[in-house]
Amino acid sequence: MNSSLVIKDLCISIGDRPIVKSLNLEVPKGEVHAIMGLNGSGKSTLAKAIAGHPDYNITSGSVLLDRVEILGMEADERSRKGLFLAFQYPNEVPGVSNANFIRAALQSRLGEGEELEAVAFYERLYEKMDLLEIRREFTARSVNEGFSGGEKKRNEILQMAMLEPSYAVLDETDSGLDIDALKIVATGVNTLRGPNLGVLLITHYQRLLNYIVPDHVHVMMDGRIVKSGGKELALELDERGYDWVKAEEAALA
Amino acid sequence: MSDQTDTILTADYSESTEATESARVAPEPSEDSAPGSLLTTPVSHAGEGTAAWLDQRRAQAWAEFQSLDMPARTEQSWRFTSLGKVNLDSYHAPQPVSAAVREQLIARSVGNSRTAGRMVFANDSLLDRRLHTQALLSTGVIWKPLDAAFRDHADLLERHFMSRETVLGSRKFAALHAARVENGTFLFVPKNVEVALPLETFHWLSGPDSAVFPHTLIVAEAGSKVTLVDYLGSERDDQAGFACAVNDLVVGEGAKVTYVCVQDWSNQAVSFQINSTTVGRDAAALSLHLNLGASYARLESLSRLVGAGGRSDMLAATVADESQEFDQRTLQDHLEPHTTSDLLYKNALAEASKTIFAGLIRVEAQAQHTDAYQKVRNLMLSDEAEANSMPGLEIMADEVRCTHGATSGHIDAEELFYLLARGIDRKTAQELVVQGFLSEVIERLQNDAVTPRLAAVLAAKFARMKRRRKGV
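The listed protein sequences correspond, in order, to chains D and L.
Be aware that the first sequence starts at 313, since it is given in this note's numbering, and climbs by one per residue.
Be aware that the second sequence starts at 17, since it is given in this note's numbering, and climbs by one per residue.
No lab work stands behind these hints, which were simulated from the structure alone.
Beta carbons: idealized from backbone N, C-alpha and C, even for Gly.
Errors might be hidden in some of the hints.
Covered stretches of chain D (chain L as the covering partner; in silico rule of three or more C-beta atoms under 8 Å from a C-beta of chain L) [claimed, not checked]: (1) 335-349; (2) 360-366; (3) 416-422; (4) 503-513.
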């Protein structure tokens, strides 16, 4: 409880339409949890709402980061508190170089009057870029502008590596990746994995979980977690699809 | 008076350029204007060794100024202008700055790290002139304060000084400039001489309600190449004043001139900038205006493409806040075939600021195979801000490629969320987006010797906006 991301009875609407319905989940630091589910089950809504996207209306519930309620906070404050969202569709920021963008993000974590040390910044940046096989020219290129799908996703993990969050929500980070890019992204995440990081991995393919092996797997359906299990649950979903989970749930209801 | 106009030169610079400051006859104060007011007859320069043509030009200009009415909003070229912001009554000829202010302004005249030379003016008097590339003048380049050039190069000045009619609305103000101009930069680059590093000029406005008339004249002969940066700034952030600047570029056959102007007067000042660029055969002119200061800033920019193969790039980046108004009027005038003009103006508008863009592309019948582009982008940062765009075309030739477009938009909400989600606060995120938005303009310079300073001046404007919001 003390060191975890706790989602309690969370209800999220878009306009008047309820999307996430009384969802409960706990991701302790040091663990990787995967949420699997079909399109439209509310996975991405959950991810964006946790990060503070203004279009999602949280009607009840709470989200605690190491016991601190974050739902009243603006998106930037949540980030500075240690939450990271890897976007499913990372945005372009024309004219702002990748290096300046990451620098501004790190600078926002410093106090008034403190300046980021440039040489150390670039050393660290290059080290992480090497890990993710991102070429140096990407420091000077505008954020995500003209990046391929794989480059955008690697860039998300680069930001995560630089910002060192306590909790990271990876929203369909595997979508649009070929196998090589997927392996690179997975290597990045696995390198960051450790006792100081909790990961919530959102995906609808089991494939990613071969490379980032989760501690727990949850199935999301119609805005709720309907089944939880170990990593073998992912394989079962891959083999049997989602219908049996639906049937099981219907039987319980 | 003379100690305020000393010229400081590098040791081995021997050319005589001391600004002469002989006694001048003060005019009789007229009945309805205070002494030194812009509305009284200017001090005569007769007897100072200036040529008769110049005295005559000044007298004619003064007569023209007096005969012309102040602009009216009913005129097309003043449509949308808040003319209430333009009132000449309260301004007067400036006092020379004190020794202390002079030292301070010289210290503040920080440009790019590597330049060929720098001149510093305050209230139209030369404070400092330093040449960093000693070989420059041996190539025949003339780089002088305008008052010295009037004396030493009367032939060139008579030919090129304000030789173009002002066609974009500010005839009265151009006349005022011609009647009252004291100083500025005269830069002449002889045939096939390339000046590798940029030259820089600083103009400071000091004292309450002072009026200055900065002048820049660049004459680049065939095959030459040069870059000049003008910085316009106020001694104090909160000081009202009036600046009426003229910059004329004459680009000879195959020559390349880059002109950058950083307009950073105090937000209380009123600013006019009247530009005329003449581009010869196979020549290239590139002008970039970074517009940051003044309560009302009018920029009139005229590119005349008078030789086949000529090209003019007209660039501007503007950051408007408070109730600043930037009034931009342009003309891309194609007189010969196979000429190109490419205009890109980008405005970021915060708070209750306002911009006006009126731009005309004119292609004369003989100017076949013209490429003319005009693009205006307004980034609206506030619901109170107002952007007016009036693009126009007058195409008499039939084989032309011509596009123009003006659009206004807000910061994309998803893009903003992306920045916020990385911990960047809303104001800083907005600043980054604006910097990114304007970078397209600045990158068009492709000149690493000049761009770092532009980024720094831009950052300083953002810092000022931030401080003001915090009430510091």
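Outcome of the hint check:
no.	hint	in the structure
1	335-349	violated (count 0)
2	360-366	holds (count 4)
3	416-422	holds (count 4)
4	503-513	violated (count 0)
The structure is inconsistent with the numbered hints 1 and 4, although it conforms to all the rest.
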